[in-house]
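Asker: Okay, here's what each chain looks like letter by letter:
4 protein chains.
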Amino acid sequence: MNTEKRHKLRSRINRIRGQVEGLGRMVDEDKYCVDILTQIAAARSALDTLGVELLADHLEGCVVGHGSGSEHHCAEPMTREQLIAEVKTTLSRFLK
Amino acid sequence: MNTEKRHKLRSRINRIRGQVEGLGRMVDEDKYCVDILTQIAAARSALDTLGVELLADHLEGCVVGHGSGSEHHCAEPMTREQLIAEVKTTLSRFLK
Amino acid sequence: MNTEKRHKLRSRINRIRGQVEGLGRMVDEDKYCVDILTQIAAARSALDTLGVELLADHLEGCVVGHGSGSEHHCAEPMTREQLIAEVKTTLSRFLK
Amino acid sequence: MNTEKRHKLRSRINRIRGQVEGLGRMVDEDKYCVDILTQIAAARSALDTLGVELLADHLEGCVVGHGSGSEHHCAEPMTREQLIAEVKTTLSRFLK
Numbered sequence: 002m003n004t005e006k007r008h009k010l011r012s013r014i015n016r017i018r019g020q021v022e023g024l025g026r027m028v029d030e031d032k033y034c035v036d037i038l039t040q041i042a043a044a045r046s047a048l049d050t051l052g053v054e055l056l057a058d059h060l061e062g063c064v065v066g067h068g069s070g071s072e073h074h075c076a077e078p079m080t081r082e083q084l085i086a087e088v089k090t091t092l093s094r095f096l097k
Numbered sequence: 002m003n004t005e006k007r008h009k010l011r012s013r014i015n016r017i018r019g020q021v022e023g024l025g026r027m028v029d030e031d032k033y034c035v036d037i038l039t040q041i042a043a044a045r046s047a048l049d050t051l052g053v054e055l056l057a058d059h060l061e062g063c064v065v066g067h068g069s070g071s072e073h074h075c076a077e078p079m080t081r082e083q084l085i086a087e088v089k090t091t092l093s094r095f096l097k
Numbered sequence: 002m003n004t005e006k007r008h009k010l011r012s013r014i015n016r017i018r019g020q021v022e023g024l025g026r027m028v029d030e031d032k033y034c035v036d037i038l039t040q041i042a043a044a045r046s047a048l049d050t051l052g053v054e055l056l057a058d059h060l061e062g063c064v065v066g067h068g069s070g071s072e073h074h075c076a077e078p079m080t081r082e083q084l085i086a087e088v089k090t091t092l093s094r095f096l097k
Numbered sequence: 002m003n004t005e006k007r008h009k010l011r012s013r014i015n016r017i018r019g020q021v022e023g024l025g026r027m028v029d030e031d032k033y034c035v036d037i038l039t040q041i042a043a044a045r046s047a048l049d050t051l052g053v054e055l056l057a058d059h060l061e062g063c064v065v066g067h068g069s070g071s072e073h074h075c076a077e078p079m080t081r082e083q084l085i086a087e088v089k090t091t092l093s094r095f096l097k
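Chains as they are written, first to last, in this note's numbering: chain A, 2 to 97; chain B, 2 to 97; chain C, 2 to 97; chain D, 2 to 97.
Here chain A stands alone, though its shape is the one from the complex (with noise of 0.2 Å):
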């Protein structure tokens, strides 16, 4: 991942960080729960988006630039089948 796709995700990131505060404040507060499920799915909804982004950036740096030598922090070495299987599962992990 180069430095800008590094510190757009860390600020995603942040910002979701923010969110669960939020949250937090909201449990202290006695804040009606209707609201506070409305920040939960937004909270949610921030860490799909994220999830989306990263899955392309694995998707670009990893399985499709697999043998150009980009890919140098691509964890183990792994056959294009491995990675495509790898990201099944992943993506089994957030539809299921």
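Since the hints were derived computationally from the structure, they do not count as laboratory data.
As the structure is a computational prediction, the values presented were derived from the model and not from experiment.
Heads up, some of the hints might be wrong.
Identical copies go unnamed one by one, so any copy, or any two together, can satisfy a pair.
No more than 20 Å apart at the CA atoms, straight line, and that leaves these computed lysine to any residue pairs for SDA-like [claimed, not checked]:
1) K6 <-> E22
2) K89 <-> D58
3) K9 <-> D58
4) K32 <-> H8
5) K32 <-> D49
6) K89 <-> G62
Fit chains B, C and D to the given chain A structure using the hints.
Answerer: Just chains B, C and D now, kept in the frame of chain A:
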């Protein structure tokens, strides 16, 4: 929400905040994308569990308990039809 | 469930069956994967909307209406605590 | 998509159609809402598994295989950047 329930929700939220901070560290340390994605899916599941917990509290305290005098913190006065319509809208934010 | 509600649910289900049959045709005709995926996402959303609709009916007819004599078809006799625990389990099947 | 893969997808879709038809019968027979909801969640999971399967085929056949001559049915000519952007859009329809 009584003190015990609030405490339980607060613990869940603290754990989720810890998970999100862990995501930040993984990005900083340039961990393998697929491992980060697995952690994102875990944080997302934890948010879902929190949502289900809170919705059940809401059903118990505000929707079912409606009119029993127990619903003192349940936002503005609503009819049960309005409360159920509100639950539908809330669920649609998670399931869409 | 009254006749009007059942009719409405039946129409939704018929539409979803049509969407799933459409998916079969797309595979037979070797359509572009991404177009099939878009249709899968649409059928999934339609199932979610059906689920939210049905859950709201259940809350109205069985959980809130509990003890009012309107819940004649609401399975075996349960306490409200049991009904709410059952709703939690059911929601967990969608949000996990 | 080769014949074996298409046959496998077709079987999955037929099973899902059967599940949706089962939902229709459950509504006709006025089954308990919670049992219908459990079946809706099962059909939804089956659609998700179908989606993950198809997306992996797409990654293998069109995105990774891009430029290798194997992608004859992969819609109009696209660059890899466009293909990955398309995968992001597609995933966002599931995770939102």
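Asker: None of the hints should be skipped; say for each whether it holds.
Answerer: Hints versus structure:
1. When the C-alpha separation of K6 and E22 is checked against a cutoff of 20 Å, the pair qualifies only between copies, where the shortest distance is 18 Å, while the shortest distance within a copy is 24 Å.
2. Taking the shortest alpha-carbon separations for K89 and D58, both the intra-copy value of 15 Å and the inter-copy value of 10 Å come in at or below 20 Å.
3. Taking the shortest alpha-carbon separations for K9 and D58, only the intra-copy value of 12 Å comes in at or below 20 Å, while the best inter-copy value is 29 Å.
4. For a Cα distance limit of 20 Å, the shortest separation of K32 from H8 across copies, 14 Å, qualifies, whereas the shortest one inside one copy, 33 Å, does not.
5. Taking the shortest alpha-carbon separations for K32 and D49, only the inter-copy value of 19 Å comes in at or below 20 Å, while the best intra-copy value is 25 Å.
6. Both within a single protomer and between protomers do K89 and G62 lie at most 20 Å apart by alpha-carbon distance, with minima of 17 Å and 14 Å respectively.
In the structure shown, no violation is registered for any of the earlier numbered hints.
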